[in-house]
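Q: Residue strings, one per chain:
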Amino acid sequence: MLRISDLHASAGDKPILKGISLDVRAGEVHAIMGPNGSGKSTLAQIIAGHPGYEVTSGSISYEGEDLLDLDAEERAQRGVFLAFQYPVEIPGVTNAYFLRAAYNEIRKAHGEEEVDPIEFLDLVEEKLKLVDMDPAMLHRSVNAGFSGGEKKRNEILQMAVLAPKLAVLDETDSGLDIDALRIVANGVNALKRPTNATVVVTHYQRLLDYIIPDHVHVLAGGRIIRSGGKELAHELEAKGYDWLLEPAGVGA
Amino acid sequence: MSTASYQDQFAALASERKGPEWLPALRQAAMTRFAELGFPTTRNEDWHFTSVTPIAERTFKPVRAEKSSVTLDALSPYLFGAEDWHRLVFVNGRFDPALSMFAGLPAEVTVSTLADALKTQPELLVEELGKLAQYVEQPFTALNTAFMSDGVVIHVPADVVVEVPIHIVHVADSGAAGAALYPRTLVRADRHAQVTLVESFIGLDRATYLTNAVTELTVGEGAVVGHYKIQREAEDAYHVYTSQAIQAATSTYHAFSFASGSALSRTNIYTRLNGAGAEGRLNGLYCLDGSQHCDHQTFVEHIAPNCASRELYKGILDGSAHGVFNGKVYVDPEAQKTDGKQSNHTLLLSGTARIDSKPQLEIFADDVKCTHGATVGRLQDIALFYLKSRGISAVSARALLTYAFAAEVLETIEVDAIRLGLEALVFERFTNGVPA
Ligand SMILES: Nc1ncnc2c1ncn2[C@@H]1O[C@H](COP(=O)(O)OP(=O)(O)OP(=O)(O)O)[C@@H](O)[C@H]1O
Ligand SMILES: [Mg+2]
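Top line first, the protein sequences correspond to chains P and E. Under the numbering used here, the first sequence has 126 at position 100, and the numbering climbs by one with no breaks. Under the numbering used here, the second sequence has 1832 at position 430, and the numbering climbs by one with no breaks.
There could be a bad hint or two in this list.
Said to hold, decoys possible - Each pair of labels, with its calculated beta carbon distance range: (1) P:134 to E:1510: 27 to 35 Å; (2) E:1754 to P:260: 57 to 65 Å; (3) P:265 to E:1784: 32 to 40 Å; (4) E:1404 to P:38: 52 to 60 Å; (5) E:1784 to P:218: 27 to 35 Å; (6) E:1692 to P:145: 52 to 60 Å; (7) P:230 to E:1768: 39 to 47 Å; (8) E:1784 to P:133: 54 to 62 Å; (9) E:1486 to P:218: 53 to 61 Å; (10) E:1446 to P:133: 22 to 30 Å; (11) E:1782 to P:232: 30 to 38 Å; (12) E:1517 to P:134: 49 to 57 Å; (13) P:38 to E:1738: 29 to 37 Å; (14) E:1830 to P:260: 26 to 34 Å.
By construction, these hints were calculated from the structure, which means they are not laboratory data. Ideal placement from N, C-alpha and C gives every residue a C-beta, glycine not left out.
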C-alpha cells in the first residue's frame, strides 16, 4: 500500500531524513519509535504532504501512485490521514462544520453526493461514542481551547469520520490518561480493516499493548536503524535506545 | 478644486427648491461653508491616508429625473430574504414607492420620506435636521446639507418598541452615471424606544457616481438603537458617508458598518455619549480586493461619566486594496469611569494589499479604562495544511479560514438575517475570488 524508498528530506538547508525505506502492506500495523528529534514527525508530515519539507531524493508510492506528486488534499481524498502530534487550533470554524466540509469534499472527489447537516449529524454521533466525546464539542471551534487529551481524541474522531485507508498517528498517545489511551486505542482497533493500514509513532510500549504492531521500527538520526516484531518494543522499553545507537555497546 | 461648479449647480437649483423657509437658509449656510472648506486634502489630519482627488477632479451633477427601471427581482438579493421588513427604496436618489413596503409598524411610529416630512413634520425637522452632523467642519457633510434631495425621517416615540428592522435601500443603476446622490436620514428614538435601522447602498450596474450620505440619530434616555450600514456600491462608484449619533443616559447604540463595494469609500461613524451610563458599540467589517480603497473613521466622544464604548473593526484585504481605520476616542474631563475598548484586526490575503490603522485617544479624565489594539496577519500555513490534510481543497481552506477571521465580528450582528446574509457573502466572495 505504501512504499517509501531511500527517502531523503530537509527543511530549509537542514537535512532531516537521510535514507528511509519502509514497506507497509494492507492490514498491517507498523510502529515507529525513536529518540526526540530523530525525524518521526517529519516523516509523518511528508506522507501527509506538508509543503514545508523538501524531498531531495527517494520516492514514496501509495497504492501504485507517486504520492509526492499529489497535493495534501488529494492525498487525503485518496485515503491518507495524519493524526497530528500538535493538532492545530482554528478559531471561528466549528468542529461540526469542519468535519462535514472534509467529509463532503472527500465524497465529492469520489463522485459521491454530499450529505446534508442532519444526515451528517447522525453519522458523527455514532463516531462520538467510539471516542467517548461530548457532543457539545462539535459546536466549539476546532481544537480551540481544547485540553491536550481532547485534541488527541478529536484527531481520532476525525479519523473515524473520514475512514482513511492509511492512518498515520503521530504520538496520539502522548498526554492521554490511561482511560483515554484505552479509548483512543479501541477507536483505532475498531476502524481496523484488512484493507487498511496504520502507522503509529509512539514513545511508549504502553500503547502497543492495545494496538498490537506487526512491525516495529526504530528511527534515529534520520534513518531506520532497526526493524523487528512487537518484541522489539519491549526490548526498547527495558533498555532504551543507547544500545542501538552506540555499536560499541552491542553485546555488553 | 471644483467647488465653483457646485456653487453653480446650487444657484441653478435654488429656484426649484421647496420647503419651509428655514431650509434654504440652512442649505445656503452649508453651501457657503463648503465653498470655504473645499474638498479635504491629505494635509488634513482626518484625511491623511485617503486622497479624494478622484472625487474632487470630477464634477458630479444632480441626477436627471428619470423613471426607474429597477425591479424587485433585481433588488431581492440585497434584501436579506426579509420580506416583512419595513422598506423604503430610493433609486438614483428618488423615492420609489412601488419597490417600497410599508407594513407592520406600530401606529405611533412615523416613517416618511424627507420630502413628505418637510410638509407633515416641520417642527421635528427644524429641531433636528442639521443639528448633529457637523457641516461647519466637514466638507462632505456641508455638500450633503446644501444638496440633500430626499431621504428618510423616522420618529419612534417614548416606550415604543419597533420589532422589525426598517430598511432604507439606496440603489444606483446606470442612470446614476456621472451623478451625485445626497441621501439624508434622520432618526429620533425617544425615551426607552427601540428601533433597528438598516441602510443599504447598492450599485446594480457598472457606473461612476458619488454617493454622499449623511445620517443623524438622536438616541433618547434608555433607548436602544441598532444601526446597520451595508455598502455594496458599484465597483467604480465613490462613496462618502457620515453618521452622527447622540446618546442620552443609559441608552444603547450599536452601529455596524459592512463595506465591500466602491472604488474609493470613506465611512464616518460618530457617536457622542452624552448621558451617564450610555453604551456605544461600533463594529465593522470590510472585504476589499483589486485596487479598492476603503477608509473608516470612528469617533466616540465620552462626554458623560460611566459610559462604555466597544469597537471591533476587521478588514480582509486582497489584491492591492488599501484599507484605512482611524479610531478616535475623546474622553472629557467630566467623563470619569469611562470604559473604552477598541480593536482593529486585518487579514492580508496578498503581498500587495495594505492597511493603515491609527488609533487616536485623547483622554482628559483620570479615572478611566481605555484600551486599543491592532493586529495585521496573514493566513497561517499550518492551518491551511491542517485543513487540506483532511481533504479540504486549497480554495475552500482559504475561504474557511478567511471566514473564520470574520466570524468574531459577524457574531456581533444582532439581526439574524443580516448576520446570515453577510456570512454567506463573505464566504462566497472568498470561495470564488481566490485562485486555487
Ligand atoms: N521546519 C523545520 N525547520 C527546521 N528544522 C526542523 C523543521 N522541522 C523539523 N526540524 C528538525 O528536524 C528534526 C526532526 O524533527 P521531528 O519533529 O521530525 O522529530 P521527532 O522524531 O518527531 O521528535 P519528537 O519525538 O520530539 O516528536 C529536529 O531536530 C527538528 O528540530
Ligand atoms: Mg514528533
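Q: Sort out which numbered hints this structure fails and list those numbers smallest first.
A: 1, 6, 7, 8, 10, 13 and 14
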